[in-house]
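In the order they appear, the protein sequences are chains L and D.
Residues 36 to 478 in this note's numbering are what the first sequence spells out, letter by letter.
Residues 36 to 478 in this note's numbering are what the second sequence spells out, letter by letter.
None of these hints come from the bench; they were simulated from the model.
Please note that the accuracy of each hint is not assured.
[What the hints assert, rightly or not] Rough simulated footprint, nothing fancy, chain L against chain D, three-plus residues with beta-carbon under 8 angstroms:
no.: 1; segment: 41-55
no.: 2; segment: 59-72
no.: 3; segment: 80-88
no.: 4; segment: 205-217
All C-beta atoms in this analysis are idealised placements derived from N, C-alpha and C, irrespective of residue type, glycine included.
Protein chains: 2
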Amino acid sequence: MRAVDIILKKRDGGTLTLDEVRFFVAGVTDGTLPDYQASALLMAIVLRGMTAEETARLTDAMVHSGERVDLADIPGVKVDKHSTGGVGDKTSLILAPLAAACGVPVPMMSGRGLGHTGGTLDKLEAIPGFRVDLSLTEMKAALARVGCAMIGQTAQIAPADKKLYALRDVTGTVESIPLISASIMSKKIAEGIDGLVLDVKTGSGAFMKTEADSRRLAESLVSIGNASGVRTEAVISAMDSPLGRAVGNALEVIECLEVLKGGGPSDLIEVSVELTSRMLVLGRAAADRVDAQQRVRGAIASGAGLERFRQIVQHQGGDPHVVDDYRRLPAAPERYLVTAPATGYLARLDAELVGRASVALGAGRDRVEDVVDPAVGIVVIVKPGDPGDPGDPGDYVQAGDPILELHYRDRARLDRALPLATRSIAVSDARPAPRPLLVGEVH
Amino acid sequence: MRAVDIILKKRDGGTLTLDEVRFFVAGVTDGTLPDYQASALLMAIVLRGMTAEETARLTDAMVHSGERVDLADIPGVKVDKHSTGGVGDKTSLILAPLAAACGVPVPMMSGRGLGHTGGTLDKLEAIPGFRVDLSLTEMKAALARVGCAMIGQTAQIAPADKKLYALRDVTGTVESIPLISASIMSKKIAEGIDGLVLDVKTGSGAFMKTEADSRRLAESLVSIGNASGVRTEAVISAMDSPLGRAVGNALEVIECLEVLKGGGPSDLIEVSVELTSRMLVLGRAAADRVDAQQRVRGAIASGAGLERFRQIVQHQGGDPHVVDDYRRLPAAPERYLVTAPATGYLARLDAELVGRASVALGAGRDRVEDVVDPAVGIVVIVKPGDPGDPGDPGDYVQAGDPILELHYRDRARLDRALPLATRSIAVSDARPAPRPLLVGEVH
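Can you make the complete structure from the sequences, with help from the hints?
Next up, the structure:
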């Protein structure tokens, strides 16, 4: 088999066989396939596409580039969640302890933030001492002990993905539903889970800007998961504005603790409960979605979720007292308020621009090697579509009203963040039409 | 400027600016652009195409990756010919001396054979002592002395093309009219010529299999040439069967000498006279095509073309006595006849398969580093559409009649060539419809 023949086949719109896909993935993994051939094939895949079967073959080959973890000795139906990435998208820290508290083991492998979206590992590491680099043995011990492990991807998991992703990033071949699907699902399938709930984001702050593209991605992901023996379903949720009010690692941890304590913003509660409920049904810890929602809300009300969060933190070496004392989390020394440029309804608070402003402050990374500042970030004071409490004008603002509170450390970084933060805000005379948060599902 | 942004633009169907194209070509030339980015962009160009203006920009950037030769101190209108490549396609050795004999200086830079097609340099090197590696100074001296130089591409000519071609060859990005056009025309424009006649081949043995594709390529090439100040026109000629009867380097030299002596196969004469006549008109050595054809046929009849060939050989260090004594050319020790599998009309003699059989015998190269055997090759005994002389059945053959004579040195190579040679022949009950040799022109 010659690499150039595989490239020619895909270039001319052909369908690659399992052997051809394996040859490609194995060559990428062991370095025998030159990068220039891999990138030519990647571009041909971006422009010619892949059938559902081909995408499943690619996923399978990527799973087999490493180990598929065996969690058979952990009792229960193991369920994970994956989000395609958003701004203020912190549901993992809420749903993992809640699902575990309701009896579903959650072996969660997450990533770091890149670009304008945040990453679960960065958020967890805002908790002093928290270790995300557990070995597989330690992960199993954590699952057995506290019903949940929240860790980074180990080197054994789909190593082809890491190499391919690095190449895609510099060759303009990221935006491809088959390639995105294989990248996400190969890692999830290799984790050894039985069930998976996907949160496919849609909107200006999401990778997929349109609902149609998000649905296509969701369908692709669900189809691959189910074909690989992982019961998979997807929620499509809006990501036009940040989810919740906190953007930035320590700020988001606090917001998650607020939700686990029965407070927090309504949109974050809604998405978290929806995703956790689906995890309970997949994990056979609830009879149906209605039963599951009651159990999840019960685990919030009883404090069982909060208690489980404390146990997870303690088990993974973090400071469990952060749960009660937020002063133990890193905090930025300075604040800056970004205000409404006019009087009217807050029509838009662009998630991508808020995310980029937060990265500019130091909360995320533009390049893999950048160091994250856990303390900095942005608090959203007014959100579009905010109904307002009695006596509170909601999303109707006066010129000069604070909209965003920037938590910063470095003046130069603030200067870089401000134009982005300012551009994220749009005020309009007309009240924006309400848009549902949960816009679809695929199963 | 970032390479990935240029890739993304082309991936999404955008039109690259001159600066973007220059950034790409300069990066390829000086090695600052990684191959994996270059190949991703090449694949995006193959699948998204380039406008005529973009292709002209790419050509210009490739010309400027090296030197544009200045031939202003050579009197006369300098004209070259380029063929897109065929099997038995040996017209350069006929038309260069004929055009020079008719007063048109011919500074010809040619390539080597690759794949199933032959190359002019390999044919010239079948002549003992012939040097194709003249410096630019030696080339100018040859032009001044004998009105013609036939050499290889020097390192100063479009160095970007050499790197890009090597990359295209292994990344499935050869088949693209913009990339082919820029590759061909950048080298020709950099030669310093005033006029160019293109022989764009079409058919099973050509790079472009359909007349429509060949016409699109011809139009692209002619448009670039004229935009760069090189008066350019193209002939589209059939390449379903080998041109002439000889395939293989020394065998083809002999056939060219036969044409220059007033003999040779009619199809080879027809194409050679057509191309030379156009060179004479472009070179202002004839009033029009009718006048030009008379002058060219006159240069054959008078022996002026043959005499010029002898001078070129002598000037470039070759043995001029080969013109009179073919025994001075290398000859293969063994012969093998491939015969008709049935009685009927020879319906097809597939040029690509004959070319590949000849390469298998050692006359060409599958890889750039292969060594060519000048002696081996194939003589076509019967051609499809051969009208036959009085009393000669032409292309009607009896089962067992010889069709191809394989000139070989090595038995193992013969064994590799035979299946290809056998498959090249198809005999049919119906006489094949005649197909014209010259199927179109673009100017």
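The hints, checked one at a time:
no. : hint    : in the structure
1   : 41-55   : holds (count 3)
2   : 59-72   : holds (count 4)
3   : 80-88   : holds (count 3)
4   : 205-217 : holds (count 4)
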